[in-house]
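Just so you know, the protein sequences line up as chains A and B, in that order.
The first sequence begins at 517 in the numbering used here and counts up by one.
The second sequence begins at 35 in the numbering used here and counts up by one.
Note that these hints are calculated values from the structure, not bench results.
All values reported here derive from a predicted model rather than from experimental measurement.
Take the hints with a grain of salt, since some may be wrong.
What the hints assert, rightly or not - Label-pair restraints from in silico Cβ distances:
hint, chain 1, residue 1, chain 2, residue 2, range
1, B, F154, A, L603, 22 to 28 Å
2, A, A628, B, Y38, 49 to 55 Å
3, A, V675, B, N91, 41 to 47 Å
4, A, I676, B, D97, 31 to 37 Å
5, B, Q114, A, F522, 55 to 61 Å
6, A, L789, B, R208, 31 to 37 Å
Claimed, not checked - Heads up, simulated DMTMM-like pairs for lysine to aspartate or glutamate below, C-alpha to C-alpha not over 20 Å straight-line:
hint, chain 1, residue 1, chain 2, residue 2
7, A, K744, B, E141
8, A, K679, B, E141
9, A, K744, B, E122
10, B, K108, A, E688
11, B, K183, B, E226
12, B, K68, B, E189
13, B, K183, B, D195
14, A, K692, B, E212
15, A, K680, B, D140
16, B, K137, A, E688
17, A, K791, B, E122
18, B, K199, B, E226
Claimed, not checked - Examples of chain B residues toward chain A, derived with CB under 8 Å:
hint, residue
19, I85
20, F109
21, Y111
22, Q114
23, N120
24, P124
25, I125
26, T205
We treat Cβ as the ideally placed atom computed from N, Cα and C, and that holds for glycine.
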Amino acid sequence: MILSFFTDLFQQEFLLRALLAGLMLGILAPLLGSIVVVRRLSFIADTLGHFSLVGISFSLFMSSIGFVTFFEKEFYIGIVFSIIGGLLIEFFRRSYKNYKEISMVIVISLGAALSAIFFALASATGSLYEYLFGSILTINDESFYLILITLFIVSIVFVIFGKKIIAVSFDEMNAKFMGINVGMFQWVFIVMLSIVVSVLLEAAGVLLISSLMVIPVAAAMRVGWSFKATVIISVIFSELSVLIGLWMTYSLNIPSGASIVSINIIILLIVALTKRISNSRRIKKTSSISS
Amino acid sequence: MQIYINNLTFAYGIKTVINNLSFTLNQGDYLVIKGKNGSGKTTLIKCLLGINDVKSNTIFYDDVDVNLFKQWTKFGYVSQSFDDFNYEFPITVSELLNVSSAKGVDEQTRLKLLDQMKIFNIQNQNINSLSGGQLQRVFIVRAMLNNPKILILDEPTASIDKQNKEFFYETVERLNEEGITIILITHSDEIENLNYSHILTMHRDTSNDYKVRIPLQKGGHTL
Numbered sequence: 517m518i519l520s521f522f523t524d525l526f527q528q529e530f531l532l533r534a535l536l537a538g539l540m541l542g543i544l545a546p547l548l549g550s551i552v553v554v555r556r557l558s559f560i561a562d563t564l565g566h567f568s569l570v571g572i573s574f575s576l577f578m579s580s581i582g583f584v585t586f587f588e589k590e591f592y593i594g595i596v597f598s599i600i601g602g603l604l605i606e607f608f609r610r611s612y613k614n615y616k617e618i619s620m621v622i623v624i625s626l627g628a629a630l631s632a633i634f635f636a637l638a639s640a641t642g643s644l645y646e647y648l649f650g651s652i653l654t655i656n657d658e659s660f661y662l663i664l665i666t667l668f669i670v671s672i673v674f675v676i677f678g679k680k681i682i683a684v685s686f687d688e689m690n691a692k693f694m695g696i697n698v699g700m701f702q703w704v705f706i707v708m709l710s711i712v713v714s715v716l717l718e719a720a721g722v723l724l725i726s727s728l729m730v731i732p733v734a735a736a737m738r739v740g741w742s743f744k745a746t747v748i749i750s751v752i753f754s755e756l757s758v759l760i761g762l763w764m765t766y767s768l769n770i771p772s773g774a775s776i777v778s779i780n781i782i783i784l785l786i787v788a789l790t791k792r793i794s795n796s797r798r799i800k801k802t803s804s805i806s807s
Numbered sequence: 035m036q037i038y039i040n041n042l043t044f045a046y047g048i049k050t051v052i053n054n055l056s057f058t059l060n061q062g063d064y065l066v067i068k069g070k071n072g073s074g075k076t077t078l079i080k081c082l083l084g085i086n087d088v089k090s091n092t093i094f095y096d097d098v099d100v101n102l103f104k105q106w107t108k109f110g111y112v113s114q115s116f117d118d119f120n121y122e123f124p125i126t127v128s129e130l131l132n133v134s135s136a137k138g139v140d141e142q143t144r145l146k147l148l149d150q151m152k153i154f155n156i157q158n159q160n161i162n163s164l165s166g167g168q169l170q171r172v173f174i175v176r177a178m179l180n181n182p183k184i185l186i187l188d189e190p191t192a193s194i195d196k197q198n199k200e201f202f203y204e205t206v207e208r209l210n211e212e213g214i215t216i217i218l219i220t221h222s223d224e225i226e227n228l229n230y231s232h233i234l235t236m237h238r239d240t241s242n243d244y245k246v247r248i249p250l251q252k253g254g255h256t257l
């Protein structure tokens, strides 16, 4: 089965494209995911994803009533709505300073509700499954290049602002004393995250975006000894999940987001168990030395 | 840099925490702020650092109103129990100091500070594996990285042992002698050993909730 996957890979153009797209997303998701985890905003990607979905459903609705020219590129409208979602989170965050997660619940609920309404108005509920769980195999050329450009932009942002992004993420309050404009950072971060969430949406579906961003990072945190090492390990875990997940998707005909996330979870469990066993061995060893 | 506070009043909702506080500190002064929990010590610090919003014409740095002040790199700040820091995600001491350095701060400066604070040997360790005392030194190094003129320390000895406390106070004194203005919050009994130039006692007045009214007193061993 694995062999036929490999031979098909070089015969079927769509499969190779899906694999390359998956590998690029496999870098993007944990890279942004690391920052999201450090900032304790693990739910933000799902929240923005829901708002991106509002953009998509709104575009479908507008197209269905005749406004085609502007709204046929639903992906871009998705990004704009995702940014609006980010602004709404910030807005509600200020009202509930000590309960930051409340703002995400409000925005995610609004996103889900508006999406459902627009999908229904556009009579497009049939395509809902695809948006909820994603499908990397049907990715077209345009989406492929969008992912490539996103990876390029995010890499540049990280090369130029990486240090500042990490500093603010670990300690927002202290960033001010390093001469960092924290408000500016929030903006850059929300816009970048909105774009990444929107490109992930097509491949992984709105329900699984956060998983792709957070789970490889959660696994890497258990074994990483430094920030750099943790991010690199999370990317390795993520790529491994993409490779195995895509093979499963192709051979078993199951949604790509779901299979990739399942592999991610399996890796997390293996890492957590191995870590626990090695820890308890070490404790036994030290206690036998001391006794 | 001169710090000038003019009739500062601050309230959380209807609770007045700071009432009509005024004082002046010059470059190189060493101010100790003491008082019980809830007397407004940290609130005052947050006003000074522009974290709490205050009215115009109440706090000035070299004649610049705090609401217009931009040169925050002149401040070094070590917060109470470092609770603003996001723990658990792995990051080494040298990684943290590297990303915390403003433009123009080189490796040499970092290594020198690590050496001075006697934590040179832990620079490649994960922050999460450090003891309270080590962590505190790391945060002091971070506060010192960008060569601040004013160092603000909020109850920095709360979670460390006696030996580390002594080392800490010696370090603060040395920095003060180098000309750095120190503002140190404490509510412990260690004040008598400190070589401060000014002291501010803050009270939580029971008849009038959270009222601060003891003026700045000149004091300390050098005077």
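Going down the list of hints, with the structure as the test:
At roughly 45 Å, the beta carbons of F154/B and L603/A sit outside the given window of 22 to 28 Å. Against the hinted window of 49 to 55 Å, the Cβ-Cβ separation of A628/A and Y38/B comes to about 53 Å, which satisfies the hint. Distance hint check: the CB atoms of V675/A and N91/B are about 44 Å apart, consistent with the given range 41 to 47 Å. Here the CB-CB span from I676/A to D97/B is close to 35 Å, well matched to the stated 31 to 37 Å.
Between Q114/B and F522/A the beta carbon distance is about 58 Å. The supplied range of 55 to 61 Å therefore holds. For L789/A paired with R208/B, a C-beta distance near 49 Å fails the hint of 31 to 37 Å. Taken as a hint, the K744/A and E141/B pair is honoured in the structure, with Cα atoms around 18 Å apart against an allowance of 20 Å. Straight-line distance between C-alpha atoms of K679/A and E141/B comes to about 15 Å, which keeps the hinted pair within the 20 Å bound.
Of the pairs offered as hints, the one joining K744/A and E122/B holds, with about 14 Å between alpha carbons and a cut-off of 20 Å not exceeded. Straight-line distance between C-alpha atoms of K108/B and E688/A comes to about 17 Å, which keeps the hinted pair within the 20 Å bound. Between K183/B and E226/B the alpha-carbon distance is near 25 Å, which puts this suggested pair outside the 20 Å criterion. Of the pairs offered as hints, the one joining K68/B and E189/B holds, with about 10 Å between alpha carbons and a cut-off of 20 Å not exceeded.
At most 20 Å may separate the alpha-carbon atoms for a hinted pair to count; K183/B and D195/B exceed this at roughly 28 Å. Taken as a hint, the K692/A and E212/B pair is broken in the structure, with Cα atoms around 24 Å apart against an allowance of 20 Å. With a C-alpha separation of about 16 Å, the suggested pairing of K680/A with D140/B holds against the 20 Å cut-off. Note on K137/B and E688/A: the hinted pairing holds, with a Cα-Cα distance of about 18 Å set against a maximum of 20 Å.
The suggested pairing of K791/A with E122/B holds, with an alpha-carbon distance near 16 Å, which does not exceed 20 Å. At roughly 14 Å between alpha-carbon atoms, K199/B and E226/B fall within 20 Å of each other, so this suggested pair holds. Checking I85/B against chain A: minimum C-beta separation of about 7 Å stays under 8 Å; hint holds. For the restraint placing F109/B at the interface with chain A, the shortest Cβ-Cβ distance is roughly 5 Å, inside the 8 Å limit, so the hint holds.
With 8 Å as the threshold, the beta carbon of Y111/B comes within range of chain A, its nearest partner Cβ sitting at about 6 Å, so the hint holds. Because the closest C-beta pair between Q114/B and chain A is about 12 Å apart, greater than 8 Å, the hint is violated. Among the interface hints, the one on N120/B holds; its C-beta lies about 5 Å from the nearest C-beta in chain A, closer than the 8 Å criterion. With a least beta-carbon distance of about 4 Å to chain A, the hint placing P124/B at the interface is held under the 8 Å criterion.
A hinted interface residue such as I125/B counts as satisfied when its beta carbon comes closer than 8 Å to some beta carbon of chain A; here the least separation is about 4 Å, so the hint holds. For T205/B, the interface hint is violated, since its Cβ never comes within 8 Å of a Cβ in chain A; the closest pair sits about 18 Å apart.
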